[in-house]
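Sequence order for the protein chains is A and B. Reading the first sequence from the start, the letters are residues 1 to 512 in this note's numbering. Reading the second sequence from the start, the letters are residues 1 to 354 in this note's numbering.
Since the hints were made in silico from the structure, they are not lab data. Keep in mind that a hint or two might mislead.
[Stated by the list, open to error] Where chain A lies over chain B, by a calculated footprint (3+ residues, C-beta under 8 Å): (1) 51 to 58; (2) 202 to 214; (3) 292 to 305; (4) 315 to 324.
[Claimed, not checked] From chain A, some residues computed to sit far from chain B (all C-beta separations above 10 Å): (5) G43; (6) T92; (7) N104; (8) T237; (9) V264; (10) E279; (11) N325; (12) E354; (13) Q383; (14) M419; (15) S470.
[To be verified] DMTMM-like mimics (lysine to aspartate or glutamate), calculated; alpha carbons at most 20 Å apart, straight line: (16) B:K53 - A:E380; (17) A:K390 - A:E348; (18) A:K221 - A:E208; (19) B:K153 - A:E348; (20) B:K153 - A:E95; (21) B:K164 - B:D213; (22) B:K208 - A:E247; (23) A:K503 - B:E173; (24) A:K250 - B:D213.
Note that the structure is a prediction, hence the values are computed from the model and not measured. Note that CB positions come from ideal geometry on N, CA and C, so glycine has one too.
Residues per chain are reported as follows:
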Amino acid sequence: MNNLDQILHKQFGYKDFLPGQKEIITSVIQKKDVVAILPTGGGKTLCYHLSAKLLKGLTIVITPLLSLMEDQVHQLRAKGDKTVMQINGLLTFQEKKRVLSNINEDTILFLSPEMLSNENIMNKLCKLRIGLFVVDEAHCISQWGHEFRTDYLRLHSIRSALGNPPCFALTATATKAVEEDIIKQLGMESPIIHRNSVNRKQIKFIVEKVDNNTEKKALFKNYLSKIQKPAIIYTATRKEAIMLSNEIKKEGYEDVAFYHGGMVKEDRLLVQHQFINNEINYICSTNAFGMGINKPNVRTVIHYHLPSSVEQYVQEVGRAGRDGNESIAILLYNKEDRIIPLSFIDREFPSKIELKTWFDAMKNSRRSEGIGFKLETMKELFQIDDNRWKMLLYYLEKSGVIQEKELQIELLNNKLVLMLNERFSTRKKTKQKRLIQLEQMMNSDTCIRGSILHYFDELTEEQVAPCCSSCGFTMNQAKVQLFPKEKNEVVDVSNTWESKLRKMLFPYEGRL
Amino acid sequence: MNTLHWIVLFIIDKLNGQRTTSGVYHLIKGKRSAQTIQDAYIFHCAPYVSSIKDLKKEEFYQIINELVEKNFILVKTQDVGVITNTGKQKLVNLQGLPILPKEFNGSKHEWNGSAQFFWERYSLAIQTLSYLQHGKNNFIPVCYHLEVQRWLKLLFQQYLMDTKIMSDNIYVETTELLRKVSNQHANLFVNRLTSPYGTGKTYDQLCKDFNDDPIKTKLIFQSVIHQFLDTIEKKPKKYPFLMNFVIKTKGDSITNSAKETNYYLRLGKTINEISNIRKLRVSTIEDHLIELALFDAEFNYTPFISDEEIKNILITAKDLKTKRLRVLKDHFNPTYTYFQLRLALTKEKGADSE
Ligand SMILES: Nc1ncnc2c1ncn2[C@@H]1O[C@H](COP(=O)(O)OP(=O)(O)OP(=O)(O)O)[C@@H](O)[C@H]1O
Ligand SMILES: [Mg+2]
Ligand SMILES: [Zn+2]
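With the rest of the complex left out, here is chain A:
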């Protein structure tokens, strides 16, 4: 047994590496810059976790979504690795300070990208040896990847400031173009690229076209009685997530909950834990419950609407079958589905008129308020949401309108409006195109798996049977797997609160 296998076995308790893992880790621990493309559920976490144990120096892990980061950190810590820590915007000032005073060269530090513009954090990190700079879900840093945020565009300069530690980017969904963009954005030097197929053989695809929403709902109910659980149902909006979960309840399935980004954190966590622990079997969710979520036995993913890109579709579908067993992904599609994502795209970017209004207001209030003027008041005043605001700040900085945190008021002119508008229109068009691409893929009769692979610049070599609805697969051919129902001792509802509490705290009595 060689060294890596031993560590895998002893420290992580796995028998063998999953395909690709060992090769990737071998490159990383040689301190090369590495891009790793492994399918959803392919074990990317282990790749950087194990590498971090072998490289001297602190490991920084950048992940895009806050909830994702918290989960990952708590799962790793719950498994016993207390070297894993995190700093993100949800921590209080004191908590950040405490984490910072506790990190050392063994730490694996998860950071949300915006934390890297925090001076205290950067000062502290600069004093330490950084062994590895990991960017998980790296497709997000590409202008062409989904969930793009401007904070990512600073990663290159930040990495330089940290003395250019070896850089390790991981993703499941990167086309060649995205891959090149990742390399460029992170300033990687002749990186080693490990590209594995995005294909998930155990997932079977079904696309059903309907003419209107009534038909869709009927079809959905029909599927509900056939599909295997646990299941995730994705919707385009929060409202529909709630609506569908009520529908499911009405159909007699009580073990359902909805999940979306607008819920309070405590309830969001409870739902997530209930689902992971098999206490509920259906979850109706917006895209907030996607990327990175790791529950082995999800058997079905239903898309009640069209997602916004092939990447997003593949990421969400990738929540299924992570235990290697057959799973089914169903997309219910209706021509009107495109309206919601298209309007999301529209709202994501400021319009020309908005830009002009904001700039005029900035100029005026600057005059009347003098030096006391704060950019943030503008955000409040016009109720600009975080993402659009950050995007605006980024472009203002990039075009020199904000220098050293000072607004150069005279540069807020018409020319700037036109220039920004141009940028935003281009980005908008790209996004619209990506939506249309997915729509066409789902609309055509060609093999869905083949189309996905083609999209990610792969050739379809092996045949997967059964494959997808275009290849003749239907629900009737689906394997019906009867899993022994996990024995979750449920507290009897007829119990009084007192006996419930008693049972929680004193497991060994009461059986007398």
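Mind docking chain B with the ligands on chain A? Use the hints.
The following block gives chain B with the ligands in isolation, referenced to the frame of chain A:
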């Protein structure tokens, strides 16, 4: 109309056309500002402060629009909300049906975060004890707050890691407290807890018994905690274990920044001097003084306004039937500054013993 609508309508009625809708929003959400807490006392709706902490602005204005559409309120110029007769009637119909559980006291337990402080610690303690009592060491905590996790670790050390004793204590004291509430409410409370038998339930999952209204459910749940805290406060000797879960610093309604201002004040500095020393605006320092006037019994008004003047202002406010600073200011101009008027209005608090 659900609970949220009721609360908004109720507060608009209380504020009596004297505050903007955003003032209503801040009150419900519990903005940490002297103005908000002062409003709550002046207009006798202290229990409602921070009653819906996670209320989103869009959600709030959606409700305002719905209330306008139903002709329950009017939004006048400068965003001031007023209740209509139809709206008043609607509220009258509600009498006898309290919108808030009577134990609920937002200004005491929500505004300064003491209810949340208690619950985060309590729920994590129950989860941890219950998992450990079942011989399970690995679990994902229901509370991600590092500070709370660290706090619990210290508590365990204090009790020499004896989970049996800790479980006994928490059980005895909790049942004692829950016996004081209805069975229905006690069940609600226990169903929020996480143990190896199941994860705590969300308000959406528990609202069946409470008019299918998750917000109502949440308010009732919180009122149980408020009652816990009130009882523990009254008889701390009876609840030695749960005393550990109660926020320590009394008078914690005062922000740190106001405390610092108070420090300089006691050194005899003037408002302007403090503003210079602390590099804060004069108006910010004045906000601090209002905070202190509201919450610090030892706060001394006299350098800023005399008792006679306070009396004068309060009587005038009563005569003019207004608590709007602008109106009072116009009336008195230029006798009193805005700051003096606000300071005088804090004295209204004493009259408020709801
Ligand atoms: N060598 C291994 N042997 C067995 N199981 C493994 C191995 N490596 C990882 N796993 C398991 O595979 C599952 C998926 O891993 P992980 O969450 O890292 O996937 P991922 O590649 O990050 O997927 P995604 O792109 O969806 O985030 C986890 O449950 C993990 O414990
Ligand atoms: Mg992952
Ligand atoms: Zn196919």
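Tested hints:
1. Counting residues of the segment 51 to 58 of chain B whose beta carbon lies closer than 8 Å to any beta carbon of chain A gives 3, which meets the minimum of three for the stated coverage.
2. With a cut-off of 8 Å between beta carbons, the segment 202 to 214 of chain B has 4 residues touching chain A; three or more are needed, and the interface restraint holds.
3. Check on the segment 292 to 305 of chain B: 0 of its residues sit with their Cβ under 8 Å from a Cβ of chain A, so the three-residue criterion for coverage is violated.
4. Coverage of the segment 315 to 324 of chain B by chain A is violated in this model, with 0 residues showing a Cβ closer than 8 Å to a Cβ of that chain against a need of three.
5. The non-interface label for A:G43 is consistent with chain B: the shortest C-beta to C-beta separation is roughly 20 Å, beyond 10 Å.
6. The beta carbon of A:T92 sits about 7 Å from the closest Cβ of chain B, which is not more than 10 Å, so the claim that it is off the interface is violated.
7. Every beta carbon of chain B lies more than 10 Å from that of A:N104, the smallest distance being close to 17 Å; the non-interface claim holds.
8. For A:T237, the shortest C-beta to C-beta distance to chain B comes to about 14 Å, beyond the 10 Å cut-off, and the non-interface label holds.
9. Separation of A:V264 from chain B is inadequate, the least Cβ-Cβ distance of about 5 Å not exceeding the 10 Å criterion.
10. The beta carbon of A:E279 sits about 6 Å from the closest Cβ of chain B, which is not more than 10 Å, so the claim that it is off the interface is violated.
11. Once the 10 Å rule is applied to beta carbons, A:N325 is consistent with being away from chain B; the minimum gap is 24 Å.
12. Remark: the non-interface label on A:E354 is consistent with the geometry, its nearest Cβ contact in chain B lying 17 Å away (cut-off 10 Å).
13. Its closest Cβ contact with chain B, about 7 Å, brings A:Q383 to no more than 10 Å, contrary to its assignment away from the interface.
14. With a cut of 10 Å on Cβ distances, A:M419 stays outside the contact zone with chain B, its closest approach being about 31 Å.
15. Listed as a non-interface residue, A:S470 keeps its Cβ farther than 10 Å from every Cβ of chain B; the least gap is roughly 38 Å.
16. Using a Cα cut-off of 20 Å, the hinted pair B:K53 and A:E380 holds, with the two alpha carbons roughly 19 Å apart.
17. For the suggested pair A:K390 and A:E348, the alpha carbons sit about 11 Å apart, so the restraint of at most 20 Å is met.
18. Taking the CA atoms of A:K221 and A:E208, the gap is near 13 Å; set against the 20 Å cutoff, the hint holds.
19. A hinted pair counts as satisfied when its Cα atoms are at most 20 Å apart, and B:K153 with A:E348 does not qualify at roughly 44 Å.
20. Taken as a hint, the B:K153 and A:E95 pair is honoured in the structure, with Cα atoms around 16 Å apart against an allowance of 20 Å.
21. For the given pair, B:K164 sits about 38 Å from B:D213 by alpha-carbon distance, which is inconsistent with the 20 Å threshold.
22. Distance hint between B:K208 and A:E247 is fulfilled; the C-alpha atoms sit about 16 Å from each other, no more than 20 Å.
23. Simply put, A:K503 and B:E173 have alpha-carbon atoms about 16 Å apart, close enough for the 20 Å limit, and the pair holds.
24. Proximity of A:K250 to B:D213 is assessed by CA-CA distance (about 17 Å); at most 20 Å being required, the pair is judged to hold.
Hint compliance for this structure: hints 3, 4, 6, 9, 10, 13, 19, 21 are broken, all remaining hints hold.
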